[in-house]
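K.L.:
For reference, the chains in residue letters:
There are 2 protein chains.
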Amino acid sequence: MEVQNDLLGYGDMKIFQNTEWFCFSIDSVILARYATVNLTCKKICDFCTGNAPVPLILSTRTKSEIYGIEIQKEIYDLAQKSVAVNKLDSQIKIINCDVKCITDELGIESFDLVTCNPPYFEYSEGSNINENEIKRIARHEILINLEEIIINAGKLLKNKGYFSMVHRPDRIGEIINLLNKYNFGIKTIIPVYAKKSDAHAKLVFLEAMKNSKPHVHFGKAIYLHEENGEYSALTKKLFQE
Amino acid sequence: MEVQNDLLGYGDMKIFQNTEWFCFSIDSVILARYATVNLTCKKICDFCTGNAPVPLILSTRTKSEIYGIEIQKEIYDLAQKSVAVNKLDSQIKIINCDVKCITDELGIESFDLVTCNPPYFEYSEGSNINENEIKRIARHEILINLEEIIINAGKLLKNKGYFSMVHRPDRIGEIINLLNKYNFGIKTIIPVYAKKSDAHAKLVFLEAMKNSKPHVHFGKAIYLHEENGEYSALTKKLFQE
Chain A
1 MEVQNDLLGY GDMKIFQNTE WFCFSIDSVI LARYATVNLT CKKICDFCTG NAPVPLILST
61 RTKSEIYGIE IQKEIYDLAQ KSVAVNKLDS QIKIINCDVK CITDELGIES FDLVTCNPPY
121 FEYSEGSNIN ENEIKRIARH EILINLEEII INAGKLLKNK GYFSMVHRPD RIGEIINLLN
181 KYNFGIKTII PVYAKKSDAH AKLVFLEAMK NSKPHVHFGK AIYLHEENGE YSALTKKLFQ
241 E
Chain B
1 MEVQNDLLGY GDMKIFQNTE WFCFSIDSVI LARYATVNLT CKKICDFCTG NAPVPLILST
61 RTKSEIYGIE IQKEIYDLAQ KSVAVNKLDS QIKIINCDVK CITDELGIES FDLVTCNPPY
121 FEYSEGSNIN ENEIKRIARH EILINLEEII INAGKLLKNK GYFSMVHRPD RIGEIINLLN
181 KYNFGIKTII PVYAKKSDAH AKLVFLEAMK NSKPHVHFGK AIYLHEENGE YSALTKKLFQ
241 E
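Sequences listed follow chains A and B, in order. By my numbering, the letter at position 25 of the first sequence is numbered 25, and the numbering carries on one by one without gaps. By my numbering, the letter at position 107 of the second sequence is numbered 107, and the numbering carries on one by one without gaps.
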């Protein structure tokens, strides 16, 4: 059931995905398009990289070295193939390891940016999840949780490095408290709504800075669809640039 | 220079204000319109009440007892007169005291809702502020700061009571960390933009619950103006209902 899909609108870029496991989503596109990539940015690491949409899209914005970390071997293989078919092997390295052991692979305090589109859902032993194992691990905090992600981003990042994330709005309080606990200051929040008439946001983009106080820029709200269900002009732009 | 202005759109309601000191703003209207007022709500307290716009507007939504706390005698006098002219003395009590001593006046843990449109700006000894004393105290954290407001809201509120606030977006990280420190869980965040084309929100409405974990509903974004500068339909509605 392996299928090769074009990565919409990113020129000739292609991405391998298996729809039975998961497809890359607009969440990853927003993360890769909104994360701060400074001119001085030399090294980026994407946690929970999946089939590598974030590294691939980031490579259109920067010449930085980009690392993608994926713990599941089957997904890692897809990511590897996507990097190879796009001839980006010299810029993007995919590593098949646990984010909790990341410093063994990449050392400490040398990265400018860590990005993460993490598993969104909390998990407890009794959780009744009707999904295959690979999808379950990608969507639920089975192998890693929010706190472990933030701890390891902190280890990898330089002083004043950026940590960028997309997540469900209901967890933003918890995220900000954990960022505070590990000495990150929240800097940017952007709410993402499916459409203008919706009563609540379905996603947030957040960015924090290591060893910094919180000082938030609340960015322009993103609306993914028009009321008739079509993609908004902004969504089309995010996929096309 | 005391002037009596109509409180726009709230029927016959009138509010006394002195434009040299300060006028009530859309911020207070949003706070009073978006705060959670349950059917079971019996007692509400508005900190830093100014000329009492929040109690006055809340009185159109609920039969609860409403207290407004104002430390500055001159502003307290205006609030008193506004309550009297609207014949709301039996529902709204304005108290001229320091929020930091509020439990001496109102006891502990008996309120369902505490609202606050606080001084927005941090203050340090050297701050160069070109404003008269009354305005300075209303806008800067001279007599009370965020932490003191949250501590005292915690003392006044019942278990699971609501604390609602409007503030500048840049301070939302600090606010959420303080809420966490004093055992509030953030529940609602609503960004307020001047207009759709703006690059960032100018205000946020936040609501938290005492003795609760954070679980955020990210509400529909508010746009105050159309691109041509006119009030948006929503703003007109907020002033009219």
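Don't read these hints as lab results, they were simulated from the structure. Worth double-checking, as some hints may not be accurate.
[Stated by the list, open to error] Reference listing, derived: stretches of chain A covered by chain B, where coverage requires no fewer than 3 residues with Cβ under 8 angstroms from a Cβ of chain B:
1. 28-34
2. 182-193
3. 199-212
4. 216-223
Heads up, the beta-carbon is just placed ideally off N, CA and C, and yes, glycines get one too.
K.L.:
Do three or more residues of the stretch 199-212 of chain A come closer than 8 angstroms to chain B, measuring C-beta to C-beta?
P.N.:
holds (count 4)
K.L.:
Just to make sure I understand the rule, a stretch counts as covered if three or more of its residues have a C-beta closer than 8 angstroms to a C-beta of the chain. Does the stretch 216-223 of chain A meet that for chain B?
P.N.:
Held - the stretch 216-223 of chain A has 6 residues with a Cβ nearer than 8 angstroms to chain B, which meets the minimum of three.
K.L.:
Quick check: the stretch 182-193 of chain A, covered by chain B? Criterion 3+ residues, Cβ under 8 angstroms.
P.N.:
holds (count 5)
K.L.:
When I compare C-beta atoms, does the stretch 28-34 of chain A have three or more residues closer than 8 angstroms to chain B?
P.N.:
That given contact is violated, which follows from only 0 residues of the stretch 28-34 of chain A lying within Cβ reach (below 8 angstroms) of chain B.
Taken one by one, the earlier hints fail for this structure only at number 1.
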